Every structure is written in structure tokens, then in C-alpha cells.
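S.K.: Residues per chain, in single letters:
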Amino acid sequence: MFKRLFSLEWKSFFRSASLGKSIGLKILMGFFALYFTVAFLFFGIGLYPLIIKYFPGQEPMFFVNRFVLVWLVMELGYRFLLQNLPITNIKPLMLLPIKKRKVVNFVLIKSLYSFFNFLPLLIIIPFGIYNIYEGAFGTLNILAWMLAMIGLTLSVNFGNFIIKKNFTDNIKALIPVVAIIAVLGLLDYFKIFETSVWFGKGLNEILENPLLALIPALIFAFFFKYNQKDLENKFYLDATLKEEVKDANTKEFLWTRRFGELAPYLQLDLKMIWRNKRPKTTVYISILFLAYGLIFYGNDSYNEMPAFFIFVGIFITGIFMINFGQFIPAWDAGYFPLIMAQNIPLRKYLTAKAGLITVSVVVLAILSTPYLYFGWKILLMNMVCAVYNIGVNIPILLYAGSFNRKKIDLDKSPFMNYQGMGATQWIVGLPLMIMPILIFWIFNKFISFEAGITALFVLGMLGLIFRERAIGFVAQRYKKQKYAMIEGFKQSGE
Amino acid sequence: MITATNLTKVYKGTTVLNIEHLDIPMGQSMGLVGNNGAGKTTFFSMLLDLIQPTTGNIFNNEITVSQNEEWKSFTSSFIDESFLIGYLTPEEYFYFIGDLRQQNKADVDALLLTFEDFFHDEILGKRKYLRDLSKGNQKKVGIVAALIGDPKVIILDEPFANLDPTTQIRLKKIIKDITAQKETTILISSHDLIHITEVCERIVVLDKGDLVKDLMTSMATLDELETYFSKDLTMKE
Numbered sequence: 001m002f003k004r005l006f007s008l009e010w011k012s013f014f015r016s017a018s019l020g021k022s023i024g025l026k027i028l029m030g031f032f033a034l035y036f037t038v039a040f041l042f043f044g045i046g047l048y049p050l051i052i053k054y055f056p057g058q059e060p061m062f063f064v065n066r067f068v069l070v071w072l073v074m075e076l077g078y079r080f081l082l083q084n085l086p087i088t089n090i091k092p093l094m095l096l097p098i099k100k101r102k103v104v105n106f107v108l109i110k111s112l113y114s115f116f117n118f119l120p121l122l123i124i125i126p127f128g129i130y131n132i133y134e135g136a137f138g139t140l141n142i143l144a145w146m147l148a149m150i151g152l153t154l155s156v157n158f159g160n161f162i163i164k165k166n167f168t169d170n171i172k173a174l175i176p177v178v179a180i181i182a183v184l185g186l187l188d189y190f191k192i193f194e195t196s197v198w199f200g201k202g203l204n205e206i207l208e209n210p211l212l213a214l215i216p217a218l219i220f221a222f223f224f225k226y227n228q229k230d231l232e233n234k235f236y237l238d239a240t241l242k243e244e245v246k247d248a249n250t251k252e253f254l255w256t257r258r259f260g261e262l263a264p265y266l267q268l269d270l271k272m273i274w275r276n277k278r279p280k281t282t283v284y285i286s287i288l289f290l291a292y293g294l295i296f297y298g299n300d301s302y303n304e305m306p307a308f309f310i311f312v313g314i315f316i317t318g319i320f321m322i323n324f325g326q327f328i329p330a331w332d333a334g335y336f337p338l339i340m341a342q343n344i345p346l347r348k349y350l351t352a353k354a355g356l357i358t359v360s361v362v363v364l365a366i367l368s369t370p371y372l373y374f375g376w377k378i379l380l381m382n383m384v385c386a387v388y389n390i391g392v393n394i395p396i397l398l399y400a401g402s403f404n405r406k407k408i409d410l411d412k413s414p415f416m417n418y419q420g421m422g423a424t425q426w427i428v429g430l431p432l433m434i435m436p437i438l439i440f441w442i443f444n445k446f447i448s449f450e451a452g453i454t455a456l457f458v459l460g461m462l463g464l465i466f467r468e469r470a471i472g473f474v475a476q477r478y479k480k481q482k483y484a485m486i487e488g489f490k491q492s493g494e
Numbered sequence: 001m002i003t004a005t006n007l008t009k010v011y012k013g014t015t016v017l018n019i020e021h022l023d024i025p026m027g028q029s030m031g032l033v034g035n036n037g038a039g040k041t042t043f044f045s046m047l048l049d050l051i052q053p054t055t056g057n058i059f060n061n062e063i064t065v066s067q068n069e070e071w072k073s074f075t076s077s078f079i080d081e082s083f084l085i086g087y088l089t090p091e092e093y094f095y096f097i098g099d100l101r102q103q104n105k106a107d108v109d110a111l112l113l114t115f116e117d118f119f120h121d122e123i124l125g126k127r128k129y130l131r132d133l134s135k136g137n138q139k140k141v142g143i144v145a146a147l148i149g150d151p152k153v154i155i156l157d158e159p160f161a162n163l164d165p166t167t168q169i170r171l172k173k174i175i176k177d178i179t180a181q182k183e184t185t186i187l188i189s190s191h192d193l194i195h196i197t198e199v200c201e202r203i204v205v206l207d208k209g210d211l212v213k214d215l216m217t218s219m220a221t222l223d224e225l226e227t228y229f230s231k232d233l234t235m236k237e
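Going line by line, the protein sequences match chains A and B. Quick note: the first sequence uses my numbering, first residue 1, plus one each step. Quick note: the second sequence uses my numbering, first residue 1, plus one each step.
Mixed in with the good hints there might be a few duds.
[Said to hold, decoys possible] If you want the footprint, here are the derived chain A segments under chain B, 3+ residues with CB under 8 Å:
| id | region |
| --- | --- |
| 1 | 61 to 67 |
| 2 | 116 to 125 |
| 3 | 330 to 337 |
[As the list claims (entries may be wrong)] Simulated crosslink set (BS3-like; lysine-lysine; CA at most 30 Å straight-line):
| id | chain 1 | residue 1 | chain 2 | residue 2 |
| --- | --- | --- | --- | --- |
| 4 | B | K152 | A | K480 |
| 5 | B | K105 | B | K172 |
| 6 | A | K234 | B | K135 |
| 7 | A | K280 | B | K128 |
| 8 | A | K277 | A | K490 |
| 9 | B | K105 | A | K251 |
| 10 | A | K110 | A | K277 |
| 11 | B | K182 | B | K152 |
Simulated from the structure, these hints should not be mistaken for laboratory data. Bear in mind the structure is a predicted one, so any value in this text is a computation, not a measurement. Ideal placement from N, C-alpha and C gives every residue a C-beta, glycine not left out.
Next comes chain A alone, as it looks inside the complex (with noise of 0.2 Å):
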């Protein structure tokens, strides 16, 4: 039976629609995913040698142990915002005369060929191997010490996927865990409390007594079996297969009823980015990425470039823009015949769209004035990137959106996100960015730093001017583009 169910998911996989469209993007994934591998390798290999050398007189197994609990919460971390309990592909299951234990332990048991377990393995297992070569520990300790941490890494395995399932509806539940993580964390930063050293304390115990590493593998056990049960319990199409239903947001957003006939497509636009997940984590990435210049600006060593703020005035004022814009109108795409069908003028749709962004560039730039902190050159410089963004650069991507083949699901996260991604957003990031960035750097050089900006500025305003000739220009393109790109979003790819 388990082997018809992996044939299904090996079916899934390679027949899937967007297979051949998006395979450049996994030998790209394949690159990483290499890269990783090896660089955990080398890190295992040589974890041991580096320690004798750059910690002399430290039992290597003792000095690792003292860090594992650090690594077990950033594991968690990262698990929590990429890795999914493959949950969904078990519905059709459910009719067929399979035991619901068997379907559950498939699901679970596939979860752990993730590559978030394989990593691991390959620091542990060189580790250890090369701990009993070195004879410091008897060999069976250090086998007792290998499976400890091996269950330790799965049962973060599994217990992010309890966490998962009973905070990603209620992301403000976590708080409180956050929050003691964070307390913890500081106490131990602080050298109040160590709790990282405490837990190394216990792993050092297995090494004298092999039997504890049976603690860290009942605890795997454990969080299986919760698992196991939890699912077991879910396995009806009304628990956790279809979303639970939440009462609609009803927000009017009426204020924008001041933009008169454009006002129908702005409120659309803001119920679309606040009721969908991928769209409203867009904005909060937009809001985290303010502190983008804090990196640079306090940095002596790009002081001598100023042409470099440019490219950090662009994208600290311009990160929605570029976040939001490269997919328009992919985000439409679930209703994208509607809107093609419907009595809207592409021109007023379009002009919607800029609109939004330009609020959106205008907002950034505002909140951005902290840092005159930096001197009135950067915040100079900040606020002519906004001039130019909303200028230049909008309608630039608007144009580039006419490209656009592909489907975004608003429901899903944007981390580790690919879909919608095509050529399109790849290409458009060199002119947005290097444009403005090459313009100034001429005129700074030959001319001087006014100059610079000035060129900057009026390139923008000319933008400005002329927007709406060229919004009329890129709804020309839509028109021409629009048979091929309903044929593209009606596509579920990847």
C-alpha cells in the first residue's frame, strides 16, 4: 500500500502542469539545495579539527553540546516559516478502502524525507564518526549521543507542525511563545540564567550514560503519536481539510471614495491586499525593509559612493512598488475574465494600479524621513528615489506586467514563493534599479552631486507628465496581450 501511495505522489510530481514551464526554476532550487549540502558537509567534517584549533583546551563534544539548544530553536524558526505538513493531496483518499491510520502515517512519515532532516544528518553523523575516531568518548556513547540528537532534529520536526496547525490561524497566539523564547534568549545573553548551557549539561550526561538518549527519542515518540492522533481526528473534509470558515472583514475602506471614479477599483485593490495572505505579508515585508538603510548609511565604507544610496533610496521607497507591481495583474488572475469582460476601461484599471502604488511610494518616503539622521543628502537623495519611482518607474512596470502569463494563489505565503515568477521579473529589476543608479552616477561624476539629483528629480516629474500618455500606451499592449494572458492565469502552475 505505501508503495502505491509514493507511485501517486511520484505521479503528482512529474505530472504536474507546471513542470516543464518552471524547470529552470528547479535547477535553480537543485543549486541550493547542492550548495547547502556541502557547505553542511565541510562543516561537519570539520567541525572538530576547528574547534581543537580556535578553542584550544575545550572538549570539542562538550563545546558543541553548549550550542545545540541555540540551533534547535533557530531550526524551529526556519521550519516554522518554510516547511508544510504535505496535508492537502490526502482528500481523494479518503472515499478509498485505505485505514486512515495508514494514510496518516504516509503523510507523516513523508515529512520526514524533508530536506530540513537531511541537513542536519550531515553535520551529526561526520561529527560523531569523527568523535570515535579520536576515541575521547567510548564508542557506544557516541552512537547513544548520535541518536539522541537525531531525535532531538525530528522531534523539531514534528513539533513545528503541532505549532503550525494551532497558530497559523491565530499568529497572535504565538506571542506569549515568542515572548518566553525572547526571555529566555536575553537571560541567557545576559549570563542570568543559561539555559543553552543547562541543556548542553544534559546532552554531556548521555555521553556518561547512553541509556538518556532514550529521553530525546521517546520525546520524538511522543510528538509523533500527538501527531498521529491529531490527524486521526482530522481526517474529516469538515475539520482541517477545508479552511475553516471566517467571518468576513467587512472594512469599507470608504475614504477612498474621494478618488471619485477610480474609487471602485481602489477599494477592490485594498480588500484584495488586506483579506489575502500573500499579498498583505507584501505589505509588512514592505514596512521591515524601512530599516534597509540602517546597513548602509551607518557604513563608512559607502560614504564614497553616494551613487550607492540611489539603489537604497530606490528600494527603500520603492519595495512595495517592486514587491506589488512585478505581479500586477497576476494578482487579478482568479477573476481576470471578469475584469476583461466587465464594463472597465484597462486605462482605469491601470490608472487604479498606479494610483495605489504611488500612495504607496509616497507613504514609504514619509516614513523614511527618520533618516535625516544621516544627514539632509540622504534624505535628499531618498525623496527624489520617491520622485522617481512614482515618475519613471511605475510605468515602467506596469508595461513589464503585460508579460505577466502567470497565476498567483492569494492564499499562500510569499516565503520561498515562486509562483507567478517568470523571465519578466527577472529582467524588469535591472532598469528599475540600475537606470536611476547609472543617470546619477554620470552626473555626479562630471557635473556634481546637484546635478545628480536634479536629473534624478526631472526625469520623475517629466514621468509624471506623461503618465497618462503612458498608461494609454501599456493599455494598448494589455489589449494586445489580454487572449494570451486569460489563456495563462486560467493555468494552475506552481
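Please arrange chain B on chain A, whose structure you already have, making use of the hints.
M.R.: Below, chain B without anything else, positioned relative to chain A:
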């Protein structure tokens, strides 16, 4: 009102639609029937300029649909769930469509009031997004949204599918009421021969893209259609 001339659509060498001439006068209600793959949805999609004809043209009130967008202001349609916006509540969706058709909130509310029976208390005021409604209820929303703003042309693709019996009967009444006024051109496709002969004054049968029958509905039409669609069976017997 609607004229198609020399209309063909060819996908990779296969002709999926081939209509030499079809003329639908203003105020007529036309039913489109045919088995799967007959070209019904293809025809509707071309009429809405969602796909491009390989040859020929469609005129909607003398406007070439692929060249001018003016027809959009008096044409409304519901083809499938890609005409719904999943993250809106039914009310918001109706108001949005209303906005696009120059109907204010009060106009839309007044119209919705006349569909209270049709909604059967399952649509309005439920604080649910469209994506969370059942297929049948989604269809109800789509159909009613297509009636907002006094359109001159209404296109409904399989409106009876997925509806419960009570709603089917109510929908028939709604369509009959509209056709009785002789002001609106309605195009409907359906697999249900009884329903469609009941509400349409003219039935057009498509078979693998070809227009094979064009009948004005009479008492004999249902029989004729049933004989036509069972001909494969009788031939085998």
C-alpha cells in the same frame, strides 16, 4: 443585436467552432444546446472577447467586439466562477458590479430586494466571502450580478447547473419575466432540454462546432430535440 459571420476557431488544426452566419435580433431569448465539446462556451467567450476568433467577426449592437470596448457597457455575463471575486462578500461584489455599471448602492439594494426569494436567505447578510459559499450559492450570486444595471445583452453559461430544484424553478421565472419585456437579448446555454425549451423562444443546436439546428420554440421542439440527441442510441439499436 448580435451577429456572427464566418466565425471559426481552430486549435492546433482542430476546428472547435464554425458558424457561417448567426443573427440574434434584439429582445430575443436564445438557447444554445449541444453535447460537451460542441462549442457553446467557446462561442460565449468569443462574444465577450475573451478568446480571439481564427476567422470572422462578432458584432454586438454593430460594434466589433474585438476592436472596440463600447459593448461592455450594455453587456453582462456569467460564464463560470472566474467571474466571481472570491475575497468579497456577496454584498460587496454586487456593489462593485453596480459601481462599474453606474448603479449606486440604493439602486443595487432595490434590485436585490426583488431577488429575496431567489436567494432563499442563503446569500445576504451572512458575513461570508464568496470563496466560502457552496457552488450553487456562488452561481446564484453570479447570475444576479449579471442582471445589475439593466443590461441590453445577458449571457449565462449553464445557469441551471448546480442549482437546487426550487432555485431552478425560480430562475426560470426570472428569465421569463425578463424575456416578456422584449427589451433584453438573452443568451443561455444548458444541458437541460426541458428548462431551455421552456424559457427560450429560439433554440440553436451545436455539434462539434457546427450549427446543426436552428428552431423557433414550439410545442414540438422538445420532442424534436430529444429525438435528435438520442439518434446515436436509436442507430445502435
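S.K.: Does each hint hold? Answer for all of them.
M.R.: Quick rundown of the hints versus the structure:
A count of 0 residues in the region 61 to 67 of chain A with a Cβ less than 8 Å from any Cβ of chain B is obtained; the coverage claim is therefore unmet, three being the minimum. Coverage of a stretch by a chain is defined here by at least three residues with a beta carbon nearer than 8 Å to that chain's beta carbons; for the region 116 to 125 of chain A and chain B the count is 0, and the condition is violated. Residues of the region 330 to 337 of chain A with a Cβ under 8 Å from some Cβ of chain B number 4, which satisfies the need for three, so the listed coverage holds. For the proposed pair B:K152 and A:K480, the alpha carbon gap of about 27 Å is at most 30 Å, so the pair holds.
For a cut-off of 30 Å, the pair hint linking B:K105 to B:K172 stands: about 27 Å separates their Cα positions. At most 30 Å may separate the alpha-carbon atoms for a hinted pair to count; A:K234 and B:K135 meet this at roughly 24 Å. Note on A:K280 and B:K128: the hinted pairing holds, with a Cα-Cα distance of about 19 Å set against a maximum of 30 Å. For the hint pairing A:K277 with A:K490, the CA-to-CA distance comes to about 21 Å; that is within 30 Å, so the pair holds.
For the hint pairing B:K105 with A:K251, the CA-to-CA distance comes to about 16 Å; that is within 30 Å, so the pair holds. For the hint pairing A:K110 with A:K277, the CA-to-CA distance comes to about 26 Å; that is within 30 Å, so the pair holds. Distance check on the hinted pair: B:K182 and B:K152 sit about 10 Å apart at the alpha-carbon level, within 30 Å; holds.
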